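Throw the hints in and build the complete structure from the sequences for me.
Residue numbers (our numbering), protein chains in the order written: chain R, 1 to 208; chain F, 1 to 648; chain D, 1 to 269.
No lab work stands behind these hints, which were simulated from the structure alone.
Keep in mind that a hint or two might mislead.
Only pairs whose alpha carbons sit at most 20 Å apart, straight line, appear in this in silico PhoX-like list of lysine-lysine [unchecked claim]: (1) F:Lys16 - F:Lys632; (2) D:Lys109 - R:Lys87; (3) D:Lys41 - D:Lys109; (4) F:Lys632 - F:Lys263; (5) D:Lys164 - R:Lys86.
Not close to chain D: a few residues of chain F, all C-beta gaps over 12 Å, as computed [what the hints assert, rightly or not]: (6) Pro144; (7) Asp154; (8) Asp399; (9) Lys552.
Interface residues of chain F toward chain D, partial, derived using beta-carbon atoms under 8 Å [said to hold, decoys possible]: (10) Ser78; (11) Arg81; (12) Ala86; (13) Asp136; (14) Ala250; (15) Lys251; (16) Lys284; (17) Gln288; (18) Ser289; (19) Met391; (20) Pro475; (21) Phe476; (22) Gly555; (23) Thr563.
The structure displayed is predicted, hence computed values, not measured ones.
Don't be surprised by glycine CBs; every beta carbon is placed ideally from N, CA and C.
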Amino acid sequence: MAVSGIVMVLYLIAHMIGNLKAFSGAESFNSYSAWIRTVGNPALPGQTTLWIIRIALLVAVVAHIWAAVSLWRQAKRARPERYVTKKAVAQSYASRTMRWGGVIILAFIIYHILDLTTGTVNPEGHDSTPYDRLVASFENPLVTAFYAISVILLGMHLRHGIWSATQTLGQSNRRREKTVSAFAFGFATLLTLGFLLVPLSVLFGLID
Amino acid sequence: MPLELFTTGEPIADTKAPTDVPIGERWSERQFRGRLVNPANRRKMTIIVVGTGLAGGSAAATLGEAGYKVKSFWYQDSPRRAHSVAAQGGINAAKNYRNDGDSVHRLFYDTVKGGDFRARENNVHRLAEVSVNIIDQAVAQGVPFAREYGGLLDNRSFGGTQVSRTFYARGQTGQQLLYGAYQALERQIAAGTVEQNARTEMLDLIIVDGRARGIVARDLVTGEISTHFADAVVIASGGYSNVFYLSTNAKGSNTTAIWRAHKRGAYFANPCYTQIHPTCIPVKGDYQSKLTLMSESLRNDGRVWVPKERGDDRPANDIPEDERDYYLERLYPAFGNLVPRDIASRQAKNVCDEGRGVGPGGLGVYLDFAEAIERLGRPAVEAKYGNLFDMYAQITGEDPYVTPMRIFPAVHYTMGGLWVDYDLQSTIPGMFVIGEANFSDHGANRLGASALMQGLADGYFVLPSTISSYLADGPFEKVDESHPAAVEALQGVQEQTQKLLNINGTRTPASFHRELGQLMWDLCGMERTDEGLRKAIDRIREIRQEFWSNLKVGGDWHSFNQTLEHAGRVADFIELGELMCVDALHRRESCGGHFRAESQTPEGEALRDDENFAYVAAWEWTPEGQAPVLHKENLEYEYVHLAQRSYK
Amino acid sequence: MTASMQSSVGNPGAEKRGMNLTLRIWRQQGPTAKGKMVTYKITDISPDMSFLEMLDVLNEQLILQGDDPVAFDHDCREGICGMCGVMINGQAHGPQQTTTCQLHMRSFKDGDSIDIEPWRASPFPVIKDLAVDRRAFDRIIQAGGYISVPTGTAPDAHATPVPKADSDAAFDAATCIGCGACVAACPNASSMLFTAAKVTHLGLMPQGQPERNDRVVNMIAQQDREGFGGCTNIGECSAACPKGISMETISRLNHDLLGALRAGARPKS
Ligand SMILES: Cc1cc2nc3c(=O)[nH]c(=O)nc-3n(C[C@H](O)[C@H](O)[C@H](O)COP(=O)(O)OP(=O)(O)OC[C@H]3O[C@@H](n4cnc5c(N)ncnc54)[C@H](O)[C@@H]3O)c2cc1C
Ligand code: HEM
Ligand code: HEM
Ligand code: SF4
Ligand code: F3S
Ligand code: FES
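Right under this line is the structure:
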């Protein structure tokens with residue numbers, strides 16, 4: 001769980017930086033998209049690097065979901081009879097929404113790939129440049145809203161996820177606890193803002 | 001004394017201690033003379049151990065390691081809950097890690113003197129010898145005792161001694177020691193040498209051909225009553241302070257295991273020796289179910305006082321220094337607040353009787369940490385006693401860092417118990433009794449931090465060694481549930497259980513228990529008189545009558561029925577209460593925790609009568625309607641000379 | 001006057017006496033029976049009573065009416081044996097971070113309604129009403145929660161000094177009373193905090209080192225076998241724990257677990 005989560009986190013960092021290239025214009029953004037498809041050429045043929053990333057990601061996602069589902073089922077089996085009254089004390093909103101939040105993020109990713117990678121659900125269709133697809137999508141407030149909600153959920157998922165991963169990897173302790181918590185919060189916020197920047201900028205016409 | 005209360009039988013004596021060698025060699029000599037069971041034979045022998053406290057838990061684990069087949073019984077869900085878990089203050093050992101002049105001999109001496117010369121020298125000396133091994137064993141098990149910055153073990157001092165020999169784990173020493181024994185026991189359960197019987201209560205002893213061969217027990221969950229057999233039976237069921245209803249013992253602590261063994265022929269020694277602990281949280285209301293101890297270690301730094309004037313009801317902090325009476329420091333300058341428990345308790349009672357008590361009903365004295373907080377700083381006091389202070393605040397709703405604690409004595413420990421010889425064997429061959437359940441090593445008063453020591457000494461070191469002498473004659477002929485003795489015992493238990501259910505009167509077991517406890521506290525508590533005890537005996541007989549004609553239990557015995565459990569225990573407490581009063585009445589001297597108003601020095605200290613009472617009173621049960629029989633075991637003091645105890 | 005502690009004591013809370021409460025209690029005849037919440041009215045409850053004393057009062061009434069009293073576990077009633085424990089208004093051991101027996105009625109107000117349920121986790125089957133079977137914890141200890149040191153084989157206690165800081169931290173973890181509130185509070189019904197407390201206690205002591213790797217893998221394997229949920233670091237356990245066992249112990253367990261697995265330790269089957 002922690003390892004697959006971290007792989008995804010690493011990808012997200014790179015992805016966010018890539019996204020921010022949208023601010024330096026269509027050229028730069030598209031060439032980044034092209035670059036990622038051809039990097040390593042000619043030593044590595046075609047889209048090798050991209051596929052390596054994609055496969056790694058896919059493995060991580062599958063592993064992550066598999067782990068999440070089995071934990072979920074284990075928890076259900078461990079408490080078949082639920083409480084009539086149950087109060088949460090320490091649970092943060094973030095930790096409580098890990099599962100359903102995760103599902104929504106998954107739905108988002110699927111939509112997102114259909115939208116921006118394959119263009120299937122994108123108004124520009126799949127023959128357009130990535131940059132056009134991006135702009136087309138986010139000019140629609142509904143799409144942007146969906147993106148925004150998903151990204152915020154993702155932020156929360158990460159805020160708990162990062163702290164949780166340090167625990168799971170046995171790296172937390174009383175002295176570090178505060179630091180880890182603060183880092184998780186800071187990192188998740190940064191990532192969320194970073195991802196929000198592009199869609200919002202498009203929506204408000206800063207990028208067109 | 002009117003004849004009908006008891007009769008006197010043959011004297012009794014311990015024949016196992018090798019008194020032909022000097023005291024320091026007796027234990028090793030006994031081990032040498034005792035017979036052994038070879039490892040191959042051990043596998044063929046079964047030992048029942050009732051109880052998983054420090055005594056029973058350590059014994060079962062050690063016997064399992066040794067290769068015996070052990071069957072372990074306890075009434076809670078887990079062995080870790082035995083009431084030893086509640087011991088706070090510490091455990092003594094003659095390690096002399098402080099280089100303050102401690103030694104095996106000094107621990108021996110302090111304990112005999114502390115017990116007011118009513119303990120057996122041989123046993124006490126062995127206890128002191130073995131004490132050092134206990135600490136080694138516990139440390140190796142990972143017990144996190146308090147340590148100094150250098151990484152070595154820390155010690156503190158406890159009442160009745162002038163050296164620091166008490167090892168402790170903050171205010172949870174018993175818990176940590178018990179977990180050590182519990183973990184060793186669980187290891188044996190996993191290894192298959194110990195069979196576990198959780199939530200199973202011993203209700204009778206099975207004797208075949210004069211030997212203890214098994215028990216009748218009730219599975220408290222399914223209600224099933226069944227028989228269990230072995231080559232020897234070890235009882236480690238703890239103390240019987242709950243005869244007073246309110247005590248520092250757990251709600252389930254009972255006398256049932258030892259009382260029913262007593263009714264099968266085991267002598268009950270010194271039942272009236274109870275310890276009243278001086279520092280407990282005072283009672284608040286009539287709904288109260290339990291008293292909570294504040295560790296004696298608090299007297300290391302807390303100062304006990306009451307107002308000089310009677311009826312002074314100003315808040316503690318408004319009473320100026322020169323209007324306070326630090327009565328322990330005044331009366332006992334040498335030991336001050338660290339006098340033994342019996343003395344501290346009685347003096348608290350005295351000042352309250354004078355009308356100088358504090359708090360509701362004038363039943364309390366102050367235990368004040370203001371001076372310690374000033375001297376050591378609050379953080380240091382917190383580090384030492386934090387959990388006790390929190391507990392106090394939780395229960396009383398008062399902050400002891402700001403206002404002094406209010407404390408009052410409460411029943412805490414029973415020095416009496418089943419009579420055992422040096423081998424810890426009762427008068428029934430094959431039945432051994434260890435820990436607080438036996439009458440043991442503390443005489444008429446137990447010093448703080450010695451019960452944990454005794455429980456573990458018995459369980460880890462003494463019993464596993466002595467029991468082999470008995471088992472060397474085994475394995476004994478097989479018995480099973482068809483044996484007439486087993487059938488008789490099983491039916492007896494079933495009948496009594498059914499009888500409790502059939503009465504269907506109008507009073508709950510708790511209401512009888514409360515009434516009995518109140519009576520015992522008033523008339524057989526901190527101060528006892530001839531007149532009061534006679535009154536108590538009459539009254540207890542009436543309570544018993546009413547119990548068996550007006551009890552209401554409800555439910556059946558084929559299921560989980562906590563009211564029924566309680567009823568069975570109360571029935572035994574009532575009978576035990578009567579014997580305690582008879583014992584207290586016949587002992588017309590004061591000694592240790594037994595204070596007879598008729599026998600005191602001009603200063604109001606306990607006045608022993610060594611000429612007439614230097615003996616252990618071992619009582620034999622007689623059938624319904626007949627007076628119990630007193631057997632005396634003479635006590636001789638070769639090494640510690642009989643003297644009036646003085647802590648001035 | 002003799003110092004009689006039981007009868008002559010006035011009730012200092014007398015003027016405050018008289019809380020009236022509505023209790024909704026889970027009643028279940030036996031392990032396989034179906035249970036339900038049953039409502040009881042109870043009057044005249046003193047704020048100085050402990051929660052269990054309040055239940056005693058209810059039970060005395062039920063017995064006298066010929067009704068079945070409410071079964072609940074308890075023993076020491078001073079917060080140390082770990083025998084007591086019920087869900088009170090959705091919180092393990094109730095609104096304060098203490099044991100059920102140490103919770104006092106001053107935490108409630110006149111007129112309050114209180115829901116009382118047993119711990120819920122399939123490895124803790126209900127015995128009756130509020131009493132559950134927690135022997136799964138003992139089996140986790142059996143799997144490795146000990147140091148193997150047969151009686152009589154120990155070296156002198158001062159042979160191995162232990163740094164005070166380690167010893168103190170080990171003690172903090174060792175104070176776990178095995179009450180099961182962590183499991184009850186955990187949304188996953190995980191026993192991680194309990195297991196972690198023991199792994200931490202023994203892992204911090206030099207005496208615990210030889211078995212350190214095997215201990216952690218076997219205890220974890222056993223808790224899975226018992227059917228407890230997995231830990232996703234939610235933290236409800238530690239917030240409910242009457243002994244304040246910290247989340248740090250879980251991290252430490254995970255650290256040991258990864259180390260043990262890397263070193264090749266595998267659970268005994
Ligand atoms: C609050 C408190 C604080 C104390 N502090 C200290 C201290 O600081 N230092 C010190 O030295 N001593 C102290 N003591 C005394 C000491 O703790 C006890 O005397 C000692 O722990 C008793 O141990 P035990 O093994 O004999 O019995 P227990 O620990 O009481 O164990 C009894 C066992 O017997 C079982 N049992 C009982 N009846 C039955 C039955 N009928 N059938 C089946 N099983 C049964 C129980 O389940 C349990 O496992 C304290 C005592 C109390 C109450
Ligand atoms: C695809 C849908 C997803 C689901 C169903 C899902 C679900 C979960 C669940 C149930 C947890 C365990 C909760 C916990 O440990 O506290 C978790 C943890 C985590 N998730 Fe996700 N998640 C998803 C996607 C993601 C994504 C896209 C990322 C990162 C980019 C991510 C990063 C993490 C991290 C870092 C953890 C912490 C791992 C740990 O505690 O060991 N998750 N996730
Ligand atoms: C909200 C801001 C985001 C923007 C503007 C954005 C933009 C894009 C674009 C333009 C592509 C297509 C790239 C290409 O085909 O070259 C893409 C692909 C992708 N994005 Fe995003 N993305 C955002 C957020 C996210 C988030 C939050 C996730 C994960 C949780 C994510 C995961 C992915 C994945 C998995 C791909 C497919 C990569 C591939 O297979 O090539 N994106 N994104
Ligand atoms: S960790 Fe805390 S809540 Fe869990 S069993 Fe131990 S003491 Fe109880
Ligand atoms: S609440 Fe449960 S998820 Fe883990 S941190 Fe505690 S066991
Ligand atoms: S009854 Fe022992 S902890 Fe509550």
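Hint check:
no. : hint                : result
1   : F:Lys16 - F:Lys632  : holds (17 Å)
2   : D:Lys109 - R:Lys87  : holds (19 Å)
3   : D:Lys41 - D:Lys109  : holds (14 Å)
4   : F:Lys632 - F:Lys263 : holds (19 Å)
5   : D:Lys164 - R:Lys86  : violated (40 Å)
6   : Pro144              : violated (4 Å)
7   : Asp154              : violated (9 Å)
8   : Asp399              : holds (14 Å)
9   : Lys552              : violated (6 Å)
10  : Ser78               : holds (5 Å)
11  : Arg81               : holds (4 Å)
12  : Ala86               : holds (5 Å)
13  : Asp136              : holds (4 Å)
14  : Ala250              : holds (4 Å)
15  : Lys251              : holds (6 Å)
16  : Lys284              : holds (5 Å)
17  : Gln288              : holds (7 Å)
18  : Ser289              : holds (5 Å)
19  : Met391              : holds (7 Å)
20  : Pro475              : violated (23 Å)
21  : Phe476              : violated (25 Å)
22  : Gly555              : holds (6 Å)
23  : Thr563              : holds (6 Å)
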